[in-house]
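These are the residues of each chain, in order.
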Amino acid sequence: LAKTTQPISMDSYEGQEVNITCSHNNIATNDYITWYQQFPSQGPRFIIQGYKTKVTNEVASLFIPADRKSSTLSLPRVSLSDTAVYYCLVGDGNAGNMLTFGGGTRLMVKP
Amino acid sequence: GEEVAQTPKHLVRGEGQKAKLYCAPIKGHSYVFWYQQVLKNEFKFLISFQNENVFDETGMPKERFSAKCLPNSPCSLEIQATKLEDSAVYFCASSRLESGNTIYFGEGSWLTVV
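Protein chains in written order, with this note's numbering: chain D, 3 to 113; chain Z, 710 to 823.
Just so you know, the hints here were simulated from the structure itself, not pulled from any lab data. Warning: the hint list may mix true and false statements.
Okay, derived cross-link-like pairs now, EDC-like style, lysine to aspartate or glutamate, Cα gap no bigger than 20 Å in a straight line [said to hold, decoys possible]: (1) D:5 - Z:751; (2) Z:729 - Z:766; (3) Z:753 - D:94; (4) Z:736 - Z:751; (5) Z:718 - Z:766; (6) Z:753 - Z:772.
These figures come from a predicted structure and were not determined experimentally.
With the hints as constraints, model all of the structure from the sequences given.
In structure tokens form, the structure reads like this:
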């Protein structure tokens with residue numbers, strides 16, 4: 003299973019764009035990249051998933067370079083409510099296969 | 710339902726007592742996963758099911774942990790003879806066959822062993 007490396011923590015201010023980069027040097031051909039968000043005392047919540055290039059949804063964008071050895075989660079104009087832990091996960095796209103969580107990035111958004 | 714429902718939200722057990730946690734996956738989801746989250750955000754995969762069949766149990770400490778997903782019943786995770794190190798949040802998640810490896814988590818069950 004590909005291991006992921008993320009910064010332990012990041013600080014930002016309301017209204018700024020936040021980019022969290024994840025390294026996954028050993029990503030396999032079949033692997034997808036998935037990001038989850040976790041608030042205190044809650045379960046992880048799916049944010050976005052991608053395989054290559056760029057994916058955008060109503061919450062975030064995911065940028066994946068051609069070599070796929072890293073990915074960047076971009077959160078536009080963060081608010082205080084975006085303070086959470088963000089996890090980058092890598093795993094094949096087959097249903098039922100477990101995802102391996104790394105340590106996550108604790109994002110603190112300040113007023 | 711539209712959410713993964715876990716019960717109880719909180720459970721306190723003395724060392725050596727049994728703990729049993731329940732999970733109702735999202736309706737229509739074929740896969741159920743159990744994860745354990747301890748301090749410092751560390752997640753540990755325990756076991757997964759495809760319907761009522763064990764799919765992957767590589768993370769399961771088999772001596773004291775067991776799990777089931779029976780038809781028409783909530784899935785369950787049971788810990789016999791709990792130990793202090795079993796104190797953690799236990800998350801259940803579910804997914805559809807068509808959604809690849811996107812899984813949806815419940816709110817977790819907080820187990821405290823004293």
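Cross-check of the supplied hints:
1. D:5 - Z:751: Answer holds: residue 5 of chain D to residue 751 of chain Z is near 14 Å, not above 20 Å.
2. Z:729 - Z:766: holds (18 Å)
3. Z:753 - D:94: holds (18 Å)
4. Z:736 - Z:751: violated (28 Å)
5. Z:718 - Z:766: Outside the cut-off at roughly 24 Å; violated.
6. Z:753 - Z:772: holds (17 Å)
Checked against the numbered hints given earlier, the structure breaks hints 4, 5 and satisfies all the rest.
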